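**Student:** Letter by letter, the chains look like this.
There are 4 protein chains.
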Amino acid sequence: MHIVFEHTTKIRVRYGETDQMGYCYYGNYAQYFEVGRVEAMRELGMSYKSLEEMGVMLPVSEYQVKYKSPAYYDDELLVRTKIVLVKGARIYFEYEIENESGKRVADASTLLVFVNKETMSPMPAPTVFLEKIKPFEVQS
Amino acid sequence: MHIVFEHTTKIRVRYGETDQMGYCYYGNYAQYFEVGRVEAMRELGMSYKSLEEMGVMLPVSEYQVKYKSPAYYDDELLVRTKIVLVKGARIYFEYEIENESGKRVADASTLLVFVNKETMSPMPAPTVFLEKIKPFEVQS
Amino acid sequence: MHIVFEHTTKIRVRYGETDQMGYCYYGNYAQYFEVGRVEAMRELGMSYKSLEEMGVMLPVSEYQVKYKSPAYYDDELLVRTKIVLVKGARIYFEYEIENESGKRVADASTLLVFVNKETMSPMPAPTVFLEKIKPFEVQS
Amino acid sequence: MHIVFEHTTKIRVRYGETDQMGYCYYGNYAQYFEVGRVEAMRELGMSYKSLEEMGVMLPVSEYQVKYKSPAYYDDELLVRTKIVLVKGARIYFEYEIENESGKRVADASTLLVFVNKETMSPMPAPTVFLEKIKPFEVQS
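Residue numbers (my numbering), protein chains in the order written: chain E, 1 to 140; chain B, 141 to 280; chain W, 281 to 420; chain Y, 421 to 560.
Derived by calculation from the structure, the hints in this document are not laboratory data. These figures come from a predicted structure and were not determined experimentally. By construction, the Cβ of each residue, glycine as well, lies at the ideal position given by its N, Cα and C atoms. Errors might be hidden in some of the hints.
Claimed, not checked - The calculated PhoX-like cross-link candidates involving lysine-lysine, where the alpha carbons are at most 20 Å apart (straight line), are: (1) E:10 with W:362; (2) B:227 with E:117; (3) W:329 with E:49; (4) E:66 with B:227.
Unchecked claim - One side only, chain Y facing chain E, incomplete, derived with CB under 10 Å: (5) 442; (6) 489; (7) 512; (8) 535.
What the hints assert, rightly or not - Computed beta-carbon distance windows for the label pairs: (9) W:384 with E:72: 32 to 42 Å; (10) W:417 with Y:474: 23 to 33 Å; (11) B:256 with W:348: 33 to 43 Å.
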């Protein structure tokens, strides 16, 4: 089902996340998007932690990112996270990062897969999660 | 110009690179691909470090990755890096990671841009770099 | 001069900061203490960023940490940072981390050194910084 | 028992491990010492991975480090790891890092504790480990 659910969270770039170019290192954005996902799911009422406690894991299967302009040390970034599609075992997120002056820093998307912790096999999105996301369904 | 230049390097998964799923964290692969790039360029005779010393930076502009199967703590991964295209200020790399039993772990690609450190603007690939890569040019 | 200046900040443990033991990896606390320092200095009215812009760097020279009990994924940690001593080029910080239930997670201390960015040599703490810290001086 | 067991391993500083000072970030050394420990134990004939598979974890309890001179991007560092003492559930490591020109970069030490994965309680060093380390015992 197609979803429109959006959440924004703020993340400040740490010193240890910069590199010698003076930019936030390109590999560190994956953590920012993870924080975006985690906070989006918390707002939805279904924390990622509670999901794992139910025996469901959600590993990342695909990840794409476009770096639009650098983020710098101490920048307070706005991470906008959207849940856009849930289909069987799959959940698609999209992300946009802006800096404080509203400049776009990065766009990204991820595909994650619901996995049964016992069998380590893909499984349909849990019913309790579907109930939380259902109100945000839209016609495609 | 289209290029066929391939380099392989080995990387062992560190404990601090795992997460509580017991997998190598999805965000850490970006460092592995960076190591692949750096070692590929070193073999080409043009280290990334020497490029920066010449006043040329090479930030990542786009990055895509597909996670095929998990990598685990202490796995010795084979990172295969290919330079596939150099066009103006742009250079495209492709990557494949395999574990010790030959299982595919991840596929990825990156677009990087040559940037003049003084002006912070894109610039054509430096002549000294083009001379190194020229012997590996192929007809597209 | 001996100082009593204390600041607390909250940090949530990210998924990528856990390891396969299910603990926050021991190496990641260094970033938490850095965030503690940075926020303490911001509250003092002298951001670390502005210090660098003045041509002053503040690398860490010594770091000690005792891990008291594990921090877990999604824990919201309280980082208490104290500036305890400024002496010539040196500044000493102490840190305590507690989890949400008030359990002590870690104790740490660092020695940092004011360094002139031009000469790359140690230098006395800048006057503007001393003015900010002066009100918090105590008799030893 | 007091031990003299020493192992050296090489680690190249990754781009993503630098910070905007152009130094290897102080928090990243913890991973280098972990690699040193892991490779020392592998040479001893008792890999850290096999220890975990036996149900024994080895979390870090204390960690001290002195940063002597900066490490830079692409430096190939020599990490010298010493096992110096095993006492009940405790094992003490010491470390020295040098760069390629023989300059000392950092000194460090760690205390780790053998923990039973089932009970999550400290336990004496496993017999199989003691047998491996016994030949390196010295009188204190």
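**Student:** Does each hint fit the structure? Answer for all of them.
**Tutor:** For each hint, the structure was consulted:
1. E:10 with W:362: violated, 25 Å
2. B:227 with E:117: violated, 45 Å
3. W:329 with E:49: violated, 34 Å
4. E:66 with B:227: holds, 18 Å
5. 442: Holds, because the Cβ-Cβ distance from residue 442 (chain Y) to chain E comes to roughly 5 Å (cut-off 10 Å).
6. 489: Result: violated, 16 Å to nearest chain E Cβ.
7. 512: Hint violated; residue 512 (chain Y) Cβ to chain E Cβ min 27 Å, cut 10 Å.
8. 535: Since chain E brings no Cβ nearer than about 22 Å to residue 535 (chain Y), farther than 10 Å, the hint is violated.
9. W:384 with E:72: 32 to 42 Å: holds, 34 Å
10. W:417 with Y:474: 23 to 33 Å: violated, 54 Å
11. B:256 with W:348: 33 to 43 Å: violated, 50 Å
Checked against the numbered hints listed earlier, the structure breaks hints 1, 2, 3, 6, 7, 8, 10 and 11; every other hint is satisfied.
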